[in-house]
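Put chains B, C and D on the given structure of chain A with help from the hints.
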Amino acid sequence: MMSLRISNLTVDHGAIRALDDVSFEIARGQLCAVIGANGAGKTTLLRTLSGLKSATSGSAHWNETNLLHGKAEQLVRHGVSHVSEGKSVIAELSVKENLDLGALWRRNKKESAETKTFIIETFPRLGERLEQRADTLSGGERQMLAIGRALMSKPELLLLDEPSLGLAPLVVAQIFQAIRDLTTSMGLTVLLVEQNAMGALKIADTGVVFNLGKVVANDFAPALIADPAVRAAYLGY
Amino acid sequence: MYELINTTLIGITSGSIYALMAIAIVLVWRSTRIVNFAQAGMALLSTYLGYEFIRIFHSFWIALPLAMVAGALVAALIDLVFMRLLVKHASQGPIAAVAPIIATLGLLGVIRAFISFFWGNQDLAIDSPISNVGYTVGTHTLAISPLKLAILIASLALMGVLTLLFQRTNLGLALRASAFAPEISRLAGVRVDGVRTLGWALAGAAGAAAGMLQTPNGTGTLSPDSIEFSLLLVFGFIAAVIGGLESLLGAVLGGLILGLVLAFVLTYISGSLVFITGFVLLIVVLIALPRGIIGAKGARRA
Amino acid sequence: MIVTNRRKFLVTSAALVVGALTLSAVPSQAFSPRSVDGVTATSIKLGITIPMSGTASPGYNKIPGAMKAYFDYVNDNGGVNGRKVTLVVENDEYVPTKAVTKTNKLVLRDKVLALVGPLGTSNNQAVAQKVNPGKRGVPVLFVNSGFSGFANKAKYPTTYTVLPSYIMEAKIMSAYIKEKFAGKKLGLLYQDDDFGDDALAGFKQSGVDFAVKVPYASGSQGVATTPGTWVSALAKGGAEVVVLFGVSSATAAALYASYVGKYKPQWILGSVGGDATTLAASKIPPSFLAGAIGTSFAPSPADATDDYIKLFMDVNTKYNAGVPFDNNIVQGMNTAFLTVQALKSAGKNLTRKSLMAAIDKNGSKFASAGLVPLNYSATSHVGYNGYWFGTYNASGALVADGGKYTVYTTDSGSGAVAKSTYTRPAMPAKGLPN
Amino acid sequence: MRAVHKIKSNSTTRFIFFIALGIVLFLLSNRVDELRVYQGAEIAVYVIAISSLILLTGYSGQISLGHGALVAIGGYAAAVANINFHVPIWLTFFIAVLVSALFGALLGAAAARLSGPYLAGATLALAVGLPSIANQFTVLGGEQGLTFDAGMPPASLGEDFTVYKWNFWIAALATLAILWLLQNILRSRYGRTWRAIRSNDVAAELSGIAIGRSKVLAFALSAGIAGLAGACLAMLVGTVSPSAFPISLSFSLLTGAVLAGVTTLGGVMIGAVVLVAIPEIADAVANRFGGSESVTSNLPGLLVSALLILTVLLVPNGPVEQMRTIRSRKGVASHH
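Residue numbers (the working numbering), protein chains in the order written: chain A, 1 to 237; chain B, 1 to 302; chain C, 1 to 434; chain D, 1 to 336.
Next up, chain A with everything else stripped away, as it sits in the complex (with noise of 0.2 Å):
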């Protein structure tokens, strides 16, 4: 059975409780987007599912693989993928070398070119600029290689964490569609987590509604765009 199954999952930041008996599941080829407000546990849940921080109890499993049993490293070469916060790219390495750096781990060279390769089809802005320092590109650019290092690494699972953080409204548009048919054409499983919870909704197949680290709702994205008590607390209007 290929899924995302988190059950029972609680993280303590500190004294602070995060995540607070979050249940759920994804199944696989699903874009789910979690949303909710500032400090409603989003980013703790990234992180506690890629393995950079340990969770209190509870379980997560991609797979066979149990996601809070191993660190960063080791869930990457089982198929776990986690863009972090804010662009994540190596500001002082060269376009190429961030790409590079997501298949390291790889042994079968060949297919990483052959992916990277696909990465620079899907993004040729990317293409372009290869040997450029990567804190030389702009907002959205830096978006395209951070999603551009993740797929390097050949993931099954991918961890996006507010992509549209700080783009202009076009950019955004055009990173969400190239999310939305990453997913469909590389058959991807992905966690998007966003503030803009309506662009992410419209792309999304599925929607979790995180408050104060607990799930308040869980559904199919189109019902929860129409769940008046969602579009009042989350979407605006």
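Calculated from the structure, these hints are not laboratory results.
Given the structure is predicted, the values throughout are model-derived calculations rather than measurements.
Among the hints, erroneous ones may be present.
Taking lysine-lysine pairs in the DSBU-like style, the calculated list, with each CA pair at most 35 Å apart, reads [stated by the list, open to error]:
#	chain 1	residue 1	chain 2	residue 2
1	A	71	B	88
2	C	84	C	185
3	B	88	A	96
4	A	109	A	214
5	B	88	A	214
6	A	53	B	88
7	C	84	C	353
8	C	153	C	348
9	A	202	B	88
10	C	318	C	111
11	A	214	A	96
12	C	264	C	419
Chains B, C and D in isolation, oriented as in the chain A frame:
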């Protein structure tokens, strides 16, 4: 004229030693963002081990690589049992910024005491493997000898090899990435802890090379408080900073510049001002060129 | 919260100070019945401050071991008037601050009878200034410094020098140079401190002019960086005879740099930096030294025909684990030898006063390894006052010119340099002073 | 409500307490033997020097591996003022503070632009380089150094009043004055500013704090206090010379500051006492185990370094702060 040439040569050869040390400092800095003030102590310890290898194998050229391996192992061990713990424990709170500096200073003290326990407070000698007698041009003897030439070549070779390693290999990419952004590197699948240990090991080997080559080039002796190593501690750091701390090429250039400036101050001004000149040069560079002489360009390329 | 913290701070501070001062504090004994400091019916306690670790320590740190070895030898042969001699060694790391602290401990806690052989000019000056053994009546015997000032009885009433002063050395060297190297171009490499200043004063007074003078910074910091430039300066000045007035590490560095730079003047090495064994430890092959001229007031450590050297070698093997025998060992043992003689000479009723009185009275007649007279008297605290000259042979040993020790003597003032007719008293039986 | 009430009587209490502490010290100095008095004076000097370092590192977030150099400047300033300008002894202490503070301000202007490791390296280079300057200028007395005679105790104190006790009194008075002053400064606007910078200089800058000026001020003040320690040290040793200010002095001071807990003045005594006590402890340990000369002479260095490492690893903010944290945690737990 003869004095001018010799002063320049003295500057270049002493500068190449500072360069080796600066390379070691830059290596640790680039892979861990820590300035390792224990680097000179580690180099000293490796040189003592090299001294033992010379006694066993009766050959400097066998002992040199063995000392470098030993230096690498010592450095790796220090990172494994000590620095990892430090990063975990003291990475938060008001002292976080200064904790690694203080810790490496403590390490320096421990290493010195350790050396004194085992080898005693006495001078030990390492013979020069090749002649240190200057080449003769006409009636003049130049301040450059086969040994000094070897040191110069060794520094340049080490710089070249390490630059290739850093810029052209996957390992180098992992090393640089881990230093700049450990978390992103982990997310990309880089085993950051292991890579850092490797960075320490490389630095340990470079430091060992500096110690092994400097000892026969200086007064030829080794003691727990060898002045050469206090020099290396301070001048290696200054050279690294002149070079911008990030770049290996910068470290080598920084070493040579420092060596030349000091040699000229010594010859033409006064021996008492050598150390303070190092300080002044450091401050001038830090204020005028905050990113080092090739920092701006080098950092971009790195 | 802030307030309570502050109060805690204050209370803690007070508690700590009290604790620190009283923890191991014994009730003040300053005015307890007069027991004689450092002496009991069965023991005599002496003290020394010397660098045992740190940059300046190699070489010097062998002196206390040699002293202890000789004291042990004496103790095993009945001690001094039935008392066993012990030496408390304190490591001052060649830092004046520490010398003062450690001397305080020796004088105030250990209550040693006397300080014997403390080393270093600035350290001894700091101790004299602060601990003030002169005022406390604590003898400071046979200081390991050639600073001429320590013989000033008015300023240092309880201090006894033993080494000929640097001024004496320079004056004697001048006489020697005028005799042997008249008309040659002279060079001088000297340490840029009181040590070198004393020497400069001596040379100036003797009217010796140097064509090239190269000072080097002391504290050995300068040593490592500079030898190449010293040699090029000397060579540039065309010096044919070079006097080297520095410490061993500087001598080693200079000889090495001149070998590297193929510069071959006639070297004249001062007594401080001319110890072949120390130089050998600094990897200077004996052949580097061959042909250089050196000076000493004691027999060469390599001279196994000398009674004292034979005795010291023997004691070194039996009581000092046979550490490499060199000038430092000779210096340490000779100091201990002189000390035992002074203690014996003070008689059964040993006090600080009687000890100093004994040296004043009998010191000039003391037996010792020195080939040069001792000048102790009621008015003088000057020890040895001269040198003999020799040439280093191919194995690095200093061999007296013409096969016999020709001793020159002088003073630290304006006195002339004279060839001495002094003959050393015979060594007492078994090397145990009567 | 309670807090407000306390703060009103704050400065008076503080003052009275320091007076009381002074009286305790005075009484103590009459009770213990001469060696303890001397060690007490040493502790006092270390307290001054360490608190200057805590002010700099703990409160303004700048590190110095070369505070020994500033101590040296103070010592030399006092000695030169006394010898060359015949300034009375009591005034030389103030001159030491002024000269060091001035130098500290210059250094601080450069330092304010340097971050952690750069500043550490620069100050280290200073500590290695500065003392050898004394060889360059004859007025500084070369390697041999200068004599600094702080004089005998006034005759009115009696025959039995030793020089050490007199020095202890002076050093202790200086220490109390400095601690009292620091307590007040740290509670003032400046203290709050420094703390703000230390915890987050970006935020501090946004809230309108002139970071550069504030850091320079901290450096100058710290240097001035270190200079006072230098004058006291010169008084205690009777001389100043380059070898009296080795790089190991700077490292010792830093060690003392870390052991004391670099983030708070509260533990400053601990650091000073440990520094003075370590050689004795090492001696005792070495004797207990029949240690050889090489063990005895190297044990103090090993102990100091090991303590430094352990402190950074286990109680990075110092023992006092650690206890406070534990206690406040307990407090939180009991409130639950």
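Non-conforming hints, listed in increasing numerical order: Structure breaks hints 2, 4, 9 and 11.
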